[in-house]
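Taken in order, these protein sequences are the chains called D and R.
Take the first sequence: its position 77, counting from 1, is numbered 80 in this note's numbering, and each next residue is one higher.
Take the second sequence: its position 275, counting from 1, is numbered 334 in this note's numbering, and each next residue is one higher.
Heads up, some of the hints might be wrong.
Simulated pairs of lysine-lysine, DSSO-like, Cα-Cα distance not exceeding 27 Å [claimed, not checked]:
no., chain 1, residue 1, chain 2, residue 2
1, D, K147, D, K10
2, D, K155, R, K79
3, R, K196, R, K122
4, R, K652, R, K630
5, R, K652, R, K76
6, D, K147, R, K249
7, R, K785, D, K155
8, R, K652, D, K10
9, D, K14, R, K80
10, D, K155, R, K80
11, R, K515, R, K501
12, R, K512, R, K501
13, R, K79, D, K14
14, D, K119, D, K155
15, R, K79, D, K147
16, D, K121, D, K155
17, D, K119, R, K79
18, D, K147, R, K785
19, D, K121, R, K515
20, D, K147, R, K76
21, R, K76, D, K155
22, D, K14, R, K626
23, R, K85, D, K10
24, D, K155, R, K85
25, R, K626, R, K652
26, R, K785, D, K10
27, D, K147, R, K85
Calculated from the structure, these hints are not laboratory results.
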Amino acid sequence: MPQINLKVNGKEEQRTVPDNTLLVDFLRETLGLTGTHVGCDTSQCGACVVHVDGVSVKSCTMLAAQADGCDVTTIEGIGTSDNLHPMQEAFHEHHGLQCGFCTPGMVMSAIEFVSKNKNPSEAEIRDALEGNICRCTGYHNIVKAVQSAAQKMGG
Amino acid sequence: MPEGISNEGIGASVRRKEDKKFLTGKGRYTDDISRPGQLHAYFIRSDVAHANINSIDTSAAAKADGVVAIYTGDDVAADGIGGPICGWVVPNRDGTSTHEPPHPILAQGKVRYVGDHVVAIVAETLEQAKSAAELVKISYEELAPVVDLAAASSGAQIHDGMAENRYFDWELGDEAGTEAALNAAARVIKLTVRNNRLIPNAMEPRAAVAEYDDISETYTLYTTSQNPHLTRLVIGAFMLNIPESKLHVVAPDVGGGFGSKIYVYPEEAVCTWVCKKLGRPVKWTADRTQSFLSDAHGRDHINNVQLALDENNRITGLRVDTLANLGGYLSAFAVVTPTYLHGTLLSGCYDIPVIYTNVKGMATTTAPVDAYRGAGRPEATYLLERTMDAAAHEIGMDPAEFRRLNFIPKDAFPYQTAVALQYDTGDYEAPLDRALEMIDYKNFEARRVEAAKRGKYRGIGLSSYIEACGIAPSAVVGALGGRVGLYESAVVRVDPTGTVNVFTGTHSHGQGHVTTFAQIVADKLGIPIGNVEIIHGDTDRIPFGMGSYGSRSLAVGGAAISKAVDKVIEKGKIIAAHLLEASEADMEFRDGKFTVAGTDNEKSFGEIALAAYVPHNYPMDRLEPGLEETAFYDPLNFTYPAGTHVAEVEIDPATGVVEVVDWACCDDFGNLVNPMIVEGQVHGGIAQGIGQALLENAHYDEHGQLLTASYMDYCMPRADNLPSFKVDYTVTPCTHNDLGVKGCGEAGAIASPPALINAVINALSPLGVTDMSMPATPEKVWRAINDAQASAAE
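Next up, chain D with everything else stripped away, as it sits in the complex (with noise of 0.2 Å):
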């Protein structure tokens, strides 16, 4: 079994893990940060999305001793109910979550491709979150909170 050293949300982890784990389950069952969901086998859903080195990623397609020397990010380090990323605060805006369970991966997708494309057309919107399902909001109120966001967080 692996030691990987990484950074998590800021913070240092020193783990021993099976070859053969994924990230998601990871960072799910070892370290106990249950915002990163699982909602497929292949995927395809895209509930499990985290950053890692800035880039968003499936967890569930990345082993964790992938991960080693990386600096990974989850919904746990974006923002707090007290001080929410601009992302988070447009989707309670413009009511982007109805279950929420979709919700940490749709937000992480979103604030990588706006920090790459920081006037987004709804087009192009739809097209970013291709690899995200919701199957609550009908993604209406989830581009018009991924559009408001770009432009606070472009300006």
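For this one, chain D is given, so just place chain R on it according to the hints.
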């Protein structure tokens, strides 16, 4: 309403109180819960559709690393553990009742669909349980699968003693009268439609964690449920045969339900059963493929429709013969969905003098089918609204005008339909007019011409729907075969400082009850919304209630809360009258104050709450201390939301891809408590309906293998498949609940599939295309275009 809180009450788009925990990853879903020392369960599921089980050899698996126990159907039978029950039965045409075969939690002697639960392995880790599963040898004697619904009656017998694989053969309405109307008609429109089979796909897979406390002799089950009390009742009383009070069910944050989490499933019952035997907590979480295989599926009807018209294009009668696929076992509400939730909606928004329907509920070797968002009403609306368009097309009339001609007029309410329901109120022209205006219906032809210049086929389609929501009343439900009462309950507990805790029997799994219900209470009591806490989902805390489905939470549960608040106010008036030395008859309550009419003598709500808990000066001869009231609300009727949805599409003939370019809808949900949340419900419903119409399909091959058992194969609507939606409302308040509310959760899923298919057919109608089955996939649409062009060339 005191200054500063008027933007929080009924009618305000208050931002959701529950959002922050979800946005910050602090939601607590069932799989997020782990108990010390827990074991993990894994289920070996049948990989064949229909077979006798010759033998199960678990000896090698039992010795595998980490394995603690292995259970089969024999163990279930030996312990006398019951199976999931059917919650509603119907009479057959011959007077007998629904055939209810046993449904064991682990298969006994036979498997009846791919995914049927056969063996439960419990191990220290999930990996160990899965590895051990590889060592279990199951010998099957395969039997013929029964997959084709149209031919199910002549297939291999699935259940002993059940003729022609038919669970029931039910009818409603006037058969002779309908036949007479069809015979006398100037024109009869005939249509066969297939309502495709769907898989609910709540994003959170089902999960359960069960533990047993041998001191209190009490089980606790954390589970993904839309109605924890029903789960407790069924697992406690019907499956484990224990005192119901010894089972505590918690449905914590639940990541979507859409109907699929109403029912009790074998896995959560197995976890509860074996946690006591093993003396350790037992956890199970479905992976997505397990969800595809064994969550109850939705829809799956074949409907044969005959619509009679007179020479003035008025509808004179309707006959609908339906085959409903209910799968290998009867799920809890499998029977009511295609019967009373379907047959009674066949009048739609239309004045139809005579209707007859026959529904045959069929067994096939596929996963059980049960209620899914809309439950019966989408199926009724689909067949009716497709028929309305087919009729309009055949008589050469504008589809909107044909509907208008046949609407129940707004001065005809209450309106008794030919299929048992009495609509209390409605105005169907108003939302039709508004929706047509929103999509600029009258200028559509110009847009069609413009699209044609770009090489695209453009089409527009509409559907006008009605639904029966707020499921209840109990007396009616009981008379129709329901085995539960369908009221709702609430406890409103006022604290000494005037803050309020509301305990509700409904369950929130995304609908925003914590906000909406608090708005009702805050509005009625004149207190800030932040002073109201809503508690749901835990049988140790909430009163007995029936959970959330069928858009019942607000119309029934919200009305129960409103009633309980009224009782609080009534008691408060007596306390206030005593304190103010006034007559009770003179007490008024407004804006958070109890006032003696015509004076400025008043006591605030907080003062009265304190007096109730510190009863130093209190009418003890008449009242008990405390300020806490309970209400059970059983409505007099369903509520009847209605409206019109209009879809506009463009089709690329080169690829067959249907792009939804515009969507407008106008719904009448009665009064709106939180318009922002209502709009979100509409959006989500439309998306699921567009999914059904264009993308989603549960596809079994001829062997009964589910070919669409992952997101690689089952096409879910994604952000780039959908447009933004134009949403508006008209209001005719419900006449029989205090809030005047009707229900909004299912409307989008009910209205949108026929609107969209009508738009697709409209787009292709210049080619002579008159029919299109769901889902209208690119391949199917491309083929229709090419076939039409080929026959035109001949």
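Hints, verified against the model:
1. D:K147 - D:K10: The given pair, whose Cα atoms are some 32 Å apart, is violated under the 27 Å limit.
2. D:K155 - R:K79: Distance ~19 Å between K155 of chain D and K79 of chain R Cα, so the pair holds.
3. R:K196 - R:K122: Status holds; Cα separation ~14 Å.
4. R:K652 - R:K630: This hinted pair holds, its Cα atoms lying about 13 Å apart.
5. R:K652 - R:K76: It holds: about 25 Å lies between the C-alpha atoms, which stays within 27 Å.
6. D:K147 - R:K249: violated (43 Å)
7. R:K785 - D:K155: holds (25 Å)
8. R:K652 - D:K10: Distance ~55 Å between K652 of chain R and K10 of chain D Cα, so the pair is violated.
9. D:K14 - R:K80: Given that 27 Å is the threshold and the Cα spacing comes to 22 Å, the pair holds.
10. D:K155 - R:K80: holds (22 Å)
11. R:K515 - R:K501: holds (20 Å)
12. R:K512 - R:K501: Distance ~20 Å between K512 of chain R and K501 of chain R Cα, so the pair holds.
13. R:K79 - D:K14: holds (23 Å)
14. D:K119 - D:K155: holds (14 Å)
15. R:K79 - D:K147: holds (18 Å)
16. D:K121 - D:K155: holds (9 Å)
17. D:K119 - R:K79: Holds, at roughly 26 Å.
18. D:K147 - R:K785: Since the Cα atoms of K147 of chain D and K785 of chain R sit roughly 13 Å apart, the hinted pair holds (cutoff 27 Å).
19. D:K121 - R:K515: Violated. K121 of chain D to K515 of chain R sits at ~33 Å, over the 27 Å cutoff.
20. D:K147 - R:K76: OK: K147 of chain D and K76 of chain R at ~20 Å, within 27 Å.
21. R:K76 - D:K155: OK: K76 of chain R and K155 of chain D at ~23 Å, within 27 Å.
22. D:K14 - R:K626: Answer violated: K14 of chain D to K626 of chain R is near 53 Å, above 27 Å.
23. R:K85 - D:K10: Answer holds: K85 of chain R to K10 of chain D is near 20 Å, not above 27 Å.
24. D:K155 - R:K85: Roughly 25 Å between the alpha carbons, so the hint for K155 of chain D and K85 of chain R holds.
25. R:K626 - R:K652: Given that 27 Å is the threshold and the Cα spacing comes to 15 Å, the pair holds.
26. R:K785 - D:K10: The hint is violated at about 45 Å.
27. D:K147 - R:K85: holds (23 Å)
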